[in-house]
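Respectively, the protein sequence lines represent chains A and B. Heads up, the first sequence is in the working numbering, so the first residue is 587 and it goes up one at a time. Heads up, the second sequence is in the working numbering, so the first residue is 587 and it goes up one at a time.
Hints in this document: simulated from the structure, not taken from any laboratory. This structure is a prediction, so every number in the text was calculated from the model and none was measured. Treat the hints loosely; a few may be bogus.
Stated by the list, open to error - Restraint-style ranges between C-beta atoms, simulated for each label pair:
| # | chain 1 | residue 1 | chain 2 | residue 2 | range |
| --- | --- | --- | --- | --- | --- |
| 1 | B | Lys654 | A | Glu757 | 39 to 47 Å |
| 2 | A | Leu591 | B | Trp685 | 53 to 61 Å |
| 3 | B | Pro764 | A | Asn765 | 26 to 34 Å |
| 4 | B | Pro795 | A | Ala614 | 54 to 62 Å |
| 5 | B | Pro764 | A | Phe589 | 46 to 54 Å |
| 6 | B | Arg608 | A | Gly848 | 39 to 47 Å |
| 7 | B | Ala799 | A | Glu726 | 27 to 35 Å |
| 8 | A | Asp604 | B | Pro795 | 34 to 42 Å |
| 9 | B | Gly829 | A | Glu886 | 54 to 62 Å |
| 10 | A | Glu726 | B | Ala625 | 27 to 35 Å |
No residue lacks a Cβ here, since even glycine has one placed at the ideal position from N, Cα and C.
There are 2 protein chains.
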Amino acid sequence: MVFDLRAYMAQQAELINDWLERLLEDFAPRPVKLRDSMAYSLFAGGKRLRPILLLAAAEAVANQEVAKEQLLPAACALECLHTYSLIHDDLPAMDDDDWRRGKATNHKVFGEGMAVLAGDALLTLCFEILSQKLDGFAAEQVLRVIAEVARAAGGQGMVGGQAADILWEKERYQHEDPNRLLLYIHEHKTGALLVASVRAGAILAGAQPAQLAALTDYAYAIGLAFQITDDLLDIYGDSQKLGKQTGQDESRGKLTYPAIHGISESRRRVQELIRQAQVSLTPFGPEAEPLRALASFLAERDI
Amino acid sequence: MVFDLRAYMAQQAELINDWLERLLEDFAPRPVKLRDSMAYSLFAGGKRLRPILLLAAAEAVANQEVAKEQLLPAACALECLHTYSLIHDDLPAMDDDDWRRGKATNHKVFGEGMAVLAGDALLTLCFEILSQKLDGFAAEQVLRVIAEVARAAGGQGMVGGQAADILWEKERYQHEDPNRLLLYIHEHKTGALLVASVRAGAILAGAQPAQLAALTDYAYAIGLAFQITDDLLDIYGDSQKLGKQTGQDESRGKLTYPAIHGISESRRRVQELIRQAQVSLTPFGPEAEPLRALASFLAERDI
Numbered sequence: 587m588v589f590d591l592r593a594y595m596a597q598q599a600e601l602i603n604d605w606l607e608r609l610l611e612d613f614a615p616r617p618v619k620l621r622d623s624m625a626y627s628l629f630a631g632g633k634r635l636r637p638i639l640l641l642a643a644a645e646a647v648a649n650q651e652v653a654k655e656q657l658l659p660a661a662c663a664l665e666c667l668h669t670y671s672l673i674h675d676d677l678p679a680m681d682d683d684d685w686r687r688g689k690a691t692n693h694k695v696f697g698e699g700m701a702v703l704a705g706d707a708l709l710t711l712c713f714e715i716l717s718q719k720l721d722g723f724a725a726e727q728v729l730r731v732i733a734e735v736a737r738a739a740g741g742q743g744m745v746g747g748q749a750a751d752i753l754w755e756k757e758r759y760q761h762e763d764p765n766r767l768l769l770y771i772h773e774h775k776t777g778a779l780l781v782a783s784v785r786a787g788a789i790l791a792g793a794q795p796a797q798l799a800a801l802t803d804y805a806y807a808i809g810l811a812f813q814i815t816d817d818l819l820d821i822y823g824d825s826q827k828l829g830k831q832t833g834q835d836e837s838r839g840k841l842t843y844p845a846i847h848g849i850s851e852s853r854r855r856v857q858e859l860i861r862q863a864q865v866s867l868t869p870f871g872p873e874a875e876p877l878r879a880l881a882s883f884l885a886e887r888d889i
Numbered sequence: 587m588v589f590d591l592r593a594y595m596a597q598q599a600e601l602i603n604d605w606l607e608r609l610l611e612d613f614a615p616r617p618v619k620l621r622d623s624m625a626y627s628l629f630a631g632g633k634r635l636r637p638i639l640l641l642a643a644a645e646a647v648a649n650q651e652v653a654k655e656q657l658l659p660a661a662c663a664l665e666c667l668h669t670y671s672l673i674h675d676d677l678p679a680m681d682d683d684d685w686r687r688g689k690a691t692n693h694k695v696f697g698e699g700m701a702v703l704a705g706d707a708l709l710t711l712c713f714e715i716l717s718q719k720l721d722g723f724a725a726e727q728v729l730r731v732i733a734e735v736a737r738a739a740g741g742q743g744m745v746g747g748q749a750a751d752i753l754w755e756k757e758r759y760q761h762e763d764p765n766r767l768l769l770y771i772h773e774h775k776t777g778a779l780l781v782a783s784v785r786a787g788a789i790l791a792g793a794q795p796a797q798l799a800a801l802t803d804y805a806y807a808i809g810l811a812f813q814i815t816d817d818l819l820d821i822y823g824d825s826q827k828l829g830k831q832t833g834q835d836e837s838r839g840k841l842t843y844p845a846i847h848g849i850s851e852s853r854r855r856v857q858e859l860i861r862q863a864q865v866s867l868t869p870f871g872p873e874a875e876p877l878r879a880l881a882s883f884l885a886e887r888d889i
């Protein structure tokens, strides 16, 4: 029987969307315009990859009896964090993007000031959710998840990656070895949060150290594959499907994997990373099927 | 014997500065320019009011044996949070300030993109520190502090207050009762974080519910007094001492306490709030002397 990833993702996304709405109502950011600005980007058609990874990693481990309802707040917290990063990345002072997923970016609709604040509020909301809504877990476990997420999001993680990215783009900074710099940007800007999503799910499901290490390898590999695929889609993707202009990386002289290594090497590297990810999952049984299917999906996606 | 607040504040500030440097080194944000941008604003001459309040509140309670070294990371986390809010508030899309405490604001030195990221990294660093550096406390206690701080910082707290503030300034939004709106802005934009600082210190020192309630009243009163004094200083203050241009609130038509209630009523209200704050401390003994002196200081400060 082939695992139906499309149905799985749709089902998970529906649950995640329900919970995101519920959490936004619970935490009730004010004034209304701030809430609207947060909701606009939260419900702008994201694939919910990070929360889905969290849930799938917990499913793969499942050493501890954990209901999905207990995991969903943590899953949603990671989507809040991801959404904040998109809002801030799109700002004129950063990547200056007007479109994302076929919709005007947050600052185009709500203005730059409100977009900065909506991002700030979503980043904070992530920690509000993690510290208040993880019912039924030991406080030590929750603290560990908060530490994982904060580390992945901060100056040694996602923000550090984004800073290196804009510095390269604007100043060709330090003339560092572009290959190493690109790896640094990929690992931090996108990779760190994908790894944290998988690890958070595993920790909440009571993963043993060996399981956690295997899942970390998995997440690291799919994180890189995801980013290289993103770079390839900017060259070959259907701008209609992607909901944004393609070819932007090249016109900006952005540091990308295809720009350094060429198209066919990039494709080969994606396949290799996906194979590595699958190998990392060898110790797991059929309960890791969603993670396996997600890895293949990332290599073949066209959105 | 009169309590020497100036010496106390100087001594605490020195400790806090040492710990801030140590923590910045520990968490080592990268690239260097991101770290420099964070350090620039962290060490731009702040009074360290929030961390000092946290330490003083813990001192007032002291039900639990807690060494100052255990409290200092939490104190510094609140300063990181405060510094992030200043960097983002100063951005052109928000208050558009070029000067703060006699120094060029972050985005004037590092550019807008890096200023947004330095703020994001400092906000995240707050939660990195709280989740990783609060040694010797029960995990439940640490989680409670994280929840307090996140709530005070988010869309129902500081960010909500700032959003209401810029909406009023830019759009005279919703034509709400200005008096109520001003109270909302004051309570959220500045008040929430001062309250969280005091409460975090109290929680870490093992405060009983009655003690926590009394200290919350205290913090709420000094928070409002602080903000009204800030508004008065913008009218009467010495721009040299303040390190920024005065008279800006009026020229922007900003909603301030003196603008609505007049100068003498504002001064009366500050004195009344300080009295309230002192009354809240009645249950405490001499170990609350720093908190008492801090309340008076806030009413008389000229910086």
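Quiz item: Lying within 46 to 54 Å: is that true of the beta-carbon distance Pro764(B) to Phe589(A)?
Solution: With Cβ atoms ~59 Å apart, the hint is violated.
Self-check item: Distance restraint evaluation - Pro795(B), Ala614(A), Cβ atoms, bounds 54 to 62 Å
Solution: violated (25 Å)
Quiz item: CB of Asp604(A) to CB of Pro795(B), is that within 34 to 42 Å?
Solution: holds (35 Å)
Quiz item: Are Gly829(B) and Glu886(A) spaced within 54 to 62 Å by their CB atoms?
Solution: Given a distance of about 57 Å, which is inside 54 to 62 Å, the answer is holds.
Quiz item: For the pair Pro764(B) and Asn765(A), does the Cβ-Cβ distance stay inside 26 to 34 Å?
Solution: Violated - the Cβ-Cβ distance for Pro764(B) and Asn765(A), about 58 Å, lies outside 26 to 34 Å.
Quiz item: Between Glu726(A) and Ala625(B), does the C-beta distance stay in 27 to 35 Å?
Solution: holds (32 Å)
Quiz item: Do Leu591(A) and Trp685(B) keep their Cβ atoms within the hinted range of 53 to 61 Å?
Solution: Holds - the Cβ-Cβ distance for Leu591(A) and Trp685(B), about 55 Å, lies within 53 to 61 Å.
Quiz item: Taking the beta carbons of Ala799(B) and Glu726(A), is their distance inside 27 to 35 Å?
Solution: holds (28 Å)
Quiz item: Within 39 to 47 Å or not, the Cβ separation of Lys654(B) and Glu757(A)?
Solution: Holds: the Cβ-Cβ distance is about 42 Å, inside 39 to 47 Å.
Quiz item: Does the Cβ distance between Arg608(B) and Gly848(A) fall inside 39 to 47 Å?
Solution: holds (45 Å)
The structure does not agree with the numbered hints 3, 4, 5 stated previously, though it agrees with the rest.
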